[in-house]
Amino acid sequence: MIIRIESSSPRDGTSDFDFQRGEWRVWHRVKRSSQDAWIEFSGTCRNRSLIDGSANVEEHTFIQSAGVTHGIDLRAYDSKAGQWAIWWVDGRNPHGTLDPPVKGHFENGVGTFYSDYIADGKPMRVRFVWSHISANSARWEQANSSDEGKTWDTNWTMEFERTAS
7 MIIRIESSSP
17 RDGTSDFDFQ
27 RGEWRVWHRV
37 KRSSQDAWIE
47 FSGTCRNRSL
57 IDGSANVEEH
67 TFIQSAGVTH
77 GIDLRAYDSK
87 AGQWAIWWVD
97 GRNPHGTLDP
107 PVKGHFENGV
117 GTFYSDYIAD
127 GKPMRVRFVW
137 SHISANSARW
147 EQANSSDEGK
157 TWDTNWTMEF
167 ERTAS
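In my numbering, the protein residues as written are 7 to 171.
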């Protein structure tokens with residue numbers, strides 16, 4: 007008797023970020039930890055596909071009372087791992103050291119991504135969550151944890167509204 011063992015390969019998540027292609031108006035809420043107060047501002051975002059859909063770049067313009075700044079997310083999909091990696095480049099310090107990427111995937115319409123880092127000598131964890139995704143809107147949120155993910159402190163949210171595809 008021959009027993010065949012099926013290997014479960016990761017699902018193909020190459021199209022997970024297809025919803026974001028195009029142009030968006032974005033409303034930001036950012037918590038300033040020193041004051042534990044939220045600031046709000048608007049911005050825009052453009053997203054385009056790269057490498058035949060297995061990568062994309064998201065370009066942000068942040069419109070704040072202190073002035074306009076820019077940043078980009080670069081995302082790449084690893085089909086072997088079934089995960090996306092996301093890197094951030096801040097236009098205020100474009101040659102600064104890149105943080106380790108957040109990595110994760112989408113499940114049931116929600117994308118969750120994690121990375122570990124050191125802040126002020128303490129180990130920290132960051133989490134990005136993409137949710138409430140429709141053809142014309144989406145929500146992103148960032149949270150940090152100082153207790154290995156037992157509790158999370160949300161410090162940035164973005165509400166996306168499509169302006170063009």
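Check the hints yourself; a few may be wrong.
[To be verified] Restricting the straight-line Cα-Cα distance to at most 27 Å, the calculated cross-link-like pairs of lysine-lysine (BS3-like) are:
no.	residue 1	residue 2
1	Lys128	Lys86
2	Lys156	Lys37
3	Lys128	Lys109
4	Lys109	Lys86
5	Lys109	Lys37
6	Lys128	Lys37
7	Lys156	Lys109
The set of hints was computed from the structure by calculation and includes no laboratory data.
Checklist line | Unsatisfied constraints (hint numbers, rising) | finding: 1
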